[in-house]
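One-letter residues, chain by chain:
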Amino acid sequence: MRTSATPKRRQGAALKTPRKAAVKPAVDKAQAPQRGARSQQTRFTSRLRAWGRHHRSMAWDSFQRLVRYPLGNLLTMLAIAIALVLPAALWLTLDSARLLDAELDESATLTVYLELSADDAQSLRIEEAVNAEPNVLETQLISAEQGMAEFQQALGLDDALAGLESNPLPISMVVRPENVDPVAMQQLAARLEALSGVDEVRLDLAWVERLRNLAELGRRVALALGALFGLGVLLVVGNTIRLSVESRRREIEVVMLIGATHAFVRRPFLYSGAWYGLGGGLLALGLLGVGNHWLSLPVAALAASYGASFSLPQLDVTGSTILLSCSTLLGWLGAWLAVTRHLSSIRPR
Amino acid sequence: MIAFEHVGKRYGGRFEALAHLNFRVARGEMVFLTGHSGAGKSSLLRLVMRLEKPSRGRVVVAGHDIAQLHASQVPFYRRQIGVVFQDHQLLFDRSIFQNVSLPLEIQGVEPREAARRVRAALDKVGLLHREKALPIELSGGEQQRVGIARAVVNKPALLLADEPTGNLDPQLSADIMALFEDFNRIGTTVMIASHDLALIARLRHRILRLSDGRLVADEGAV
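So the sequences go chain by chain: A and B. Under this note's numbering, the first residue of the first sequence is numbered 1, with each subsequent residue one higher. Under this note's numbering, the first residue of the second sequence is numbered 1001, with each subsequent residue one higher.
Please note: incorrect hints may appear among the correct ones.
Claimed, not checked - Derived coverage of chain B by chain A (criterion: at least 3 residues anywhere in the stretch with Cβ under 8 Å from a Cβ of chain A; other residues may be distant):
| id | stretch |
| --- | --- |
| 1 | 1100–1108 |
| 2 | 1129–1137 |
Unchecked claim - In silico negatives: residues of chain B with every beta carbon more than 10 Å from chain A:
| id | residue |
| --- | --- |
| 3 | G1013 |
| 4 | N1022 |
| 5 | S1037 |
| 6 | P1111 |
| 7 | R1150 |
| 8 | D1169 |
| 9 | H1195 |
| 10 | D1196 |
| 11 | L1199 |
| 12 | R1209 |
Said to hold, decoys possible - The calculated SDA-like cross-link candidates involving lysine to any residue, where the alpha carbons are at most 20 Å apart (straight line), are:
| id | chain 1 | residue 1 | chain 2 | residue 2 |
| --- | --- | --- | --- | --- |
| 13 | B | K1053 | A | E253 |
| 14 | B | K1053 | A | L214 |
| 15 | B | K1053 | A | S345 |
| 16 | B | K1155 | A | L257 |
| 17 | B | K1155 | A | L228 |
| 18 | B | K1124 | B | F1097 |
Since the hints were derived computationally from the structure, they do not count as laboratory data. All C-beta atoms, glycine included, are put in the ideal place defined by N, C-alpha and C.
Let's have the full structure, built from the sequences with the hints guiding it.
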């Protein structure tokens, strides 16, 4: 019989081995004393290299699995793409509304109407007084005649107005404030109204305000939709990965029997999820491009009819990168959730 | 190498699969585990593989109390044990070579070194010429030998086998057992569950006989 005293003694020593040694294979334990720190380092780097190697091979392997069943996987990606397109399109629309908003700020002005009795000399004095006020960037006087001409032009009421005996319009002044904040503008208006010779100050903030509120509402809707559809992407990927875990159940059981860690088992599925996400993101970009192209003509025509030039916003490089990273991350996360939930139910037989 | 101390295992609180098991297997020993089906052979092996924990008592393998192993340590623990299954547990969508290299892949062995070891293991079981074949193309005995090659490819200190000759004819069974003896000769501790009494009686190794979850005989022990 091969059993002698020596192995028994060694077994006794092994029994007392601290728990930390559990991760080391028995073979290494015998050789460890002869090895120095340097070999530990090489073991670490070799383990790191093995880790990288497995990542590379799993990324490639999961990509090949994707290509092997193109139709089903394309459908999954399309579902992801559709879920991404909606919030992305809404966001883009809001982005263009924000550009519009910026232009509005540019044109935010106050109109000061002087008393009818005011003559040119008085109006110049008042303009000086206005310019002395804080938060005034520039002013422009509009004589009664100029005002009449603009009025006629804007309303197309030449004939009716021509019948008037005298010009009913006062001298007015357009004031461009430095700070276009609604509160600051209202304060400025109050101050200007208090100046002598000023009849009325018009400040039409209501619609600017309304537009801003609308934009804010849209932004929140976009965020909510984004969150909702992001959840949708998670579910789509999660479900697909769940099926693929189920179909590879036997393989998972076998590799777990022979000492695979959870991370090892999870890795190929995580890469599949990331590929789904990336593919879905790319498809979403494509769909956005197509939609943009399809809508651009009518939008341009519509804008032209209003005498404006307006083109649909497009995702720039940064936007595209954000969309792709988000979709990839979502795919990865969906896969992680699905695999982790499932691994606990898989026990090797 | 293996120590069972007052081990009991119950399933579902009622059925007692193992009871009052006490035995030790020394490093380098070769042991047969026998008994009628349902006697607890598989339960015992499942404990050693840490697929389950004992309900009572202690199971110590290669210095590790298996009940104390943290879940994250279990994979590393299993890598020290080579297991041959009755149904071989091969992956049918991979070649023989890929099947055998699986444990090395899991451990992150460098590919060239892995290929060398896989070929050595396949050579040992006499299947080097079939490395590119799929498991389905092999006979039952050949599939079992692939399973053995996979179990020994990372040179485990302990080799377990659950009915490795279950479905094989006597000649093939004897060949398989001879293979296990070869591995035992180079220092591997081997534990084989088998009910092929005629065969294991001829081999003259220690035999642990189980009946209804109890150890009823320990023959040929030192």
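Evaluated hints:
no. : hint              : in the structure
1   : 1100–1108         : holds (count 6)
2   : 1129–1137         : violated (count 0)
3   : G1013             : 19 Å, holds
4   : N1022             : 16 Å, holds
5   : S1037             : 16 Å, holds
6   : P1111             : 8 Å, violated
7   : R1150             : 7 Å, violated
8   : D1169             : 26 Å, holds
9   : H1195             : 20 Å, holds
10  : D1196             : 22 Å, holds
11  : L1199             : 20 Å, holds
12  : R1209             : 18 Å, holds
13  : B:K1053 / A:E253  : 18 Å, holds
14  : B:K1053 / A:L214  : 63 Å, violated
15  : B:K1053 / A:S345  : 17 Å, holds
16  : B:K1155 / A:L257  : 16 Å, holds
17  : B:K1155 / A:L228  : 52 Å, violated
18  : B:K1124 / B:F1097 : 13 Å, holds
Checked against the numbered hints above, the structure breaks hints 2, 6, 7, 14 and 17 and satisfies the rest.
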